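Undergrad: All residue numbers for the sequence shown refer to UniProt numbering, where the first residue is 1 and numbers rise by one.
Check each hint, because a few of them may be wrong.
[Stated by the list, open to error] Each computed EDC-like pair below joins lysine to aspartate or glutamate, with the alpha-carbon atoms no more than 20 angstroms apart: (1) 217 <-> 37; (2) 217 <-> 202; (3) 217 <-> 33.
For the record, the hints were derived by calculation from the structure and aren't laboratory data. Only a predicted model underlies this, so the values are computations on that prediction, with no experimental measurement involved.
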Amino acid sequence: MIERAPGARRKIEIDFHFDLICPWCVIGKRRLEGAIDLIALAYADVDVVIRWKSLPLLPALPPEGVPYGAFYLHRLGSAAAVAVRRRQIREEGLAAGVTFNFERIERMPNTLAAHQLVALAGESGGSSLQGPLVQRLFDAYFLRGEDIGDVEQLATIGETYGIERTLSLARMEPAVREAPLAGWQAEARRLGISGVPTIVNDGRVLQGALPSGQLAKVLLDALPA
1 MIERAPGARR KIEIDFHFDL ICPWCVIGKR RLEGAIDLIA LAYADVDVVI
51 RWKSLPLLPA LPPEGVPYGA FYLHRLGSAA AVAVRRRQIR EEGLAAGVTF
101 NFERIERMPN TLAAHQLVAL AGESGGSSLQ GPLVQRLFDA YFLRGEDIGD
151 VEQLATIGET YGIERTLSLA RMEPAVREAP LAGWQAEARR LGISGVPTIV
201 NDGRVLQGAL PSGQLAKVLL DALPA
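Start from the sequences and build out the full structure, keeping to the hints where you can.
TA: Spelled out as structure tokens, the structure:
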């Protein structure tokens, strides 16, 4: 039996597959944060490391996006169905401490450029910079209705996280921002991921926004002794 050295820390590694237009990803992120808080309360020697994995849901949208209301009306079939879906998401969000202001959203954006910004944050500051940026982009879209497909707005957001504007704009050029998409999609297919949010931990694929308590238990099941 291998014994841990006194004071040695243990690690839980998580891959969080997400898209920035997915409200369930916002809820899933908040529930994951709740699970991490529960783990920290129970095990002070455990560190949780999150790797942010981009998986755009609608990469074929035009760069300028499409009208948000019309998109969901076509997708769900009726205004009543849209209202039911929004009510369901709002209720789940409120239970997790998340607010959605769907009425402020005018565009369904193509998120490839925004995911490139997240990738740049990872290159310059690792996951500790990516996490706050992902939250900033979620808030921009779902709280304030900002167009997170607009590269100028994205570059401005990036500057607040120390990402040079010229660098981010270069990475968000149409021909450049599409380059990593095939790799993201191939990884998802290999893992059997069919949607977001999805958490991958220790070879296990956990799809959907699992409640914090359930997620904490699942993550702890794979924790090294």
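Undergrad: A separate judgement is required for each hint: does it hold in the structure or not?
TA: Hints and how they fare:
Only pairs whose Cα atoms come within 20 angstroms are accepted, and residue 217 paired with residue 37 is accepted, the gap being roughly 12 angstroms. Proposed proximity of residue 217 and residue 202 is supported: the alpha carbons are some 14 angstroms apart, at most 20 angstroms. Under the criterion of a C-alpha separation no larger than 20 angstroms, the hint pairing residue 217 with residue 33 is consistent with the structure, at around 14 angstroms.
Hint compliance for this structure: no hint is broken.
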